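Trainee: From first to last, the protein sequence lines stand for chains E and R. Residues 0 to 362 (numbering that gives the first Met the number 0) are what the first sequence spells out, left to right. Residues 0 to 362 (numbering that gives the first Met the number 0) are what the second sequence spells out, left to right.
A few of these clues could be false.
Copies of the same chain look alike in the list, so a pair counts if it works inside one copy or between any two.
[What the hints assert, rightly or not] Dumping the calculated SDA-like pairs for lysine to any residue here, alpha-carbon to alpha-carbon at most 20 Å:
(1) LYS286 with SER301
(2) LYS319 with ARG139
(3) LYS190 with PRO144
(4) LYS286 with ALA302
No lab work stands behind these hints: they were computed from the structure. Bear in mind the structure is a predicted one, so any value in this text is a computation, not a measurement.
Protein chains: 2
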Amino acid sequence: MPSIHDLETPAVLIDLDRLEANVVRMAARAREAGVALRPHAKTHKVPEIGWMQMRAGAVGLSLAKTSEAEVFARHGFPDLFVAYPVVSPSKADRLMALSRRVRLCVGVDSIEGAEVLAAAAVRSGQTLRVSLKVDSGFHRVGVDPKDAVSVGSRVAALKGLSLTSVFTHAGQAYHRADPKDIERDNEDEAKIVVAAALGLRQAGVPIETVSVGSTPTSRFGFAHKGVTEARPGNYVYLDRTQAGLGTCSFDECAMSILATVVSVSGSDRAVLDSGSKTLALDMLRPKPDGYGLIVGSTSRLSALSEEHGIVAVDPGDVFKVGERVRVLPNHACVVSNLHDRVYGVRGDRIETVFEVAARGCVD
Amino acid sequence: MPSIHDLETPAVLIDLDRLEANVVRMAARAREAGVALRPHAKTHKVPEIGWMQMRAGAVGLSLAKTSEAEVFARHGFPDLFVAYPVVSPSKADRLMALSRRVRLCVGVDSIEGAEVLAAAAVRSGQTLRVSLKVDSGFHRVGVDPKDAVSVGSRVAALKGLSLTSVFTHAGQAYHRADPKDIERDNEDEAKIVVAAALGLRQAGVPIETVSVGSTPTSRFGFAHKGVTEARPGNYVYLDRTQAGLGTCSFDECAMSILATVVSVSGSDRAVLDSGSKTLALDMLRPKPDGYGLIVGSTSRLSALSEEHGIVAVDPGDVFKVGERVRVLPNHACVVSNLHDRVYGVRGDRIETVFEVAARGCVD
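Please model the entire structure based on the sequences and the hints provided.
Mentor: Have a look at this one:
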């Protein structure tokens with residue numbers, strides 16, 4: 000069995016024991032709350048890990064981009080949700096081609112976007128299931144809750160579309176320093192999307208699926224009356240940000256980056272062969288504090304250039320040229336997107352290599 | 000001829016007129032100064048663009064990682080410089096394999112790293128050309144100038160290595176608000192590395208190549224006595240940061256991202272389908288100001304999540320769902336690393352597609 004000591008660095012390691020535990024834990028949480036689990040696959044972008052989630056009880060996967068859905072459909076996944084507003088005719092046509100092969104649902108948050116999807120559905124002679132995104136406080140995409148019934152009713156009336164779902168994402172939870180605020184986000188996320196579903200049903204739109212989802216809010220469970228589905232993503236790997244938010248302990252984080260010290264040209268710094276091309280520049284949340292933690296040390300990466308990770312060396316820490324270290328990344332999802340493959344390990348043994356099949360799917 | 004209107008978004012566009020002008024301009028600047036040009040290919044990672052640089056007179060290319068050099072060697076480039084400290088035996092062996100096929104030189108900034116390279120050279124029965132990196136004020140990697148002669152002499156004495164070059168990179172220029180400071184960096188860069196070369200020659204080490212290089216400092220030319228080579232990289236594309244530093248005008252920037260407005264859910268914001276997976280989170284330098292500029296508008300990207308670019312809409316600007324815009328990125332090099340291909344365009348016509356052959360080469 001090959002060992003991580005045989006790997007060139009930088010290399011992305013996935014602790015399989017932790018990954019498996021994370022997959023099982025979230026599946027149990029959803030089952031106990033009586034909601035369907037539809038994990039967002041953006042975190043791993045790996046079909047094999049998607050199948051682990053399905054075997055643990057997921058009903059299907061969530062994705063952002065059309066091209067990601069195409070990759071997962073090619074790998075046999077039967078039920079996909081594109082949780083992103085698709086507004087261009089060519090992408091809508093691609094989605095209609097996809098919907099011949101998989102059970103598909105697509106996000107909408109505007110009439111203009113819905114009209115594009117409807118036209119493609121009519122062109123293809125199919126009906127497309129769509130889900131209305133409602134803003135539960137993140138203020139990124141999603142209709143204002145007060146407009147949910149009016150926009151949803153107009154979407155539902157479009158020939159070619161079937162509006163049977165509403166969804167939201169409380170991304171604001173990533174910016175909370177106080178767990179009480181995340182608990183409130185968890186409640187808001189549910190309350191707002193359930194209210195939208197009720198309003199739409201009263202207006203005659205037969206909403207079946209009421210979907211919430213973010214890993215930080217999932218810590219407070221899914222047991223809200225009216226919620227039927229959850230879409231957390233990051234939970235498979237977890238990361239330094241989730242630990243900072245209180246979602247998990249460091250010991251639950253499954254992803255680390257094996258890196259080599261390439262230069263120690265000043266006594267207060269060491270340089271790793273892992274810069275922003277390996278770790279990305281995502282800041283630690285809720286409070287910025289460097290770009291990754293050196294495992295087993297209090298030193299952290301204070302700056303990244305593309306190929307250089309600058310370690311601000313804590314007094315007492317010593318780094319030597321050629322030495323290997325492990326870095327806990329701030330944000331696991333973006334690391335996945337930077338690497339063609341990641342290594343599944345138990346201890347130092349490499350048990351499997353995962354191709355990151357949906358890496359780089361931007362469109 | 001296909002048009003950019005046929006492309007799915009996001010898509011990376013390279014304005015070929017500007018690219019060609021940028022390649023020719025830097026080549027002329029080097030020629031006039033009487034220095035060899037060895038562009039850093041990290042900016043484009045595209046063999047065809049490397050060949051454009053060679054045809055314009057470059058003597059070879061610079062690269063950071065061993066795997067990048069392997070890609071460019073596979074594409075026939077005869078003369079490569081790995082401008083990065085290589086410190087692991089397995090990479091050193093890969094470099095020795097490469098040096099059978101191309102004229103190779105490799106950076107060193109420590110005795111420990113040099114010993115690893117020397118051992119690999121002896122194992123392979125070859126002599127490896129190495130270049131000593133000297134810190135000219137960036138304080139990232141590179142030996143302190145006062146240690147250049149002592150470290151260089153020890154490196155030169157190692158069996159298997161031939162130290163015939165010194166190099167530096169004044170990356171601190173990226174943080175300067177005042178052009179006068181960049182002009183001083185340009186002088187320091189030359190002065191420090193020339194002094195190291197003279198010191199080493201006096202110590203009996205036959206330094207031939209004295210290499211400087213950064214795009215911001217290159218604006219002030221290479222006409223320093225003793226400098227023999229320059230390694231700018233970003234100049235082929237340029238970007239919003241270079242414009243901010245005064246290196247170029249916006250009209251010289253060759254790279255833009257074609258993006259679509261996917262949501263306008265608030266009157267003060269619009270959301271593009273281009274987030275950090277497309278543009279990266281590199282801050283504008285020398286002064287942070289969002290994550291990219293909308294071409295033909297004063298509005299800028301105020302925040303990015305992975306698949307969402309949040310436009311802070313200036314009063315008077317209007318963005319409509321489905322509308323396409325072009326984004327001028329903060330940092331071109333990192334955009335290259337996020338995309339499998341980029342489109343070479345003249346006006347709206349797509350003239351060629353460049354595969355980003357050395358994308359994702361982290362090791």
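Trainee: Each hint needs a verdict: does it hold in this structure or not?
Mentor: Outcome of the hint check:
With identical chains, the CA atoms of LYS286 and SER301 are at most 20 Å apart both within one copy (14 Å) and between copies (18 Å). Only between protomers do LYS319 and ARG139 lie at most 20 Å apart by alpha-carbon distance; the minimum there is 15 Å, versus 44 Å within a single protomer. Taking the shortest alpha-carbon separations for LYS190 and PRO144, only the intra-copy value of 10 Å comes in at or below 20 Å, while the best inter-copy value is 63 Å. Proximity of LYS286 and ALA302 under a CA criterion of 20 Å is satisfied in both settings, with 15 Å inside one chain copy and 16 Å between copies.
Of the numbered hints stated above, none is contradicted by the structure.
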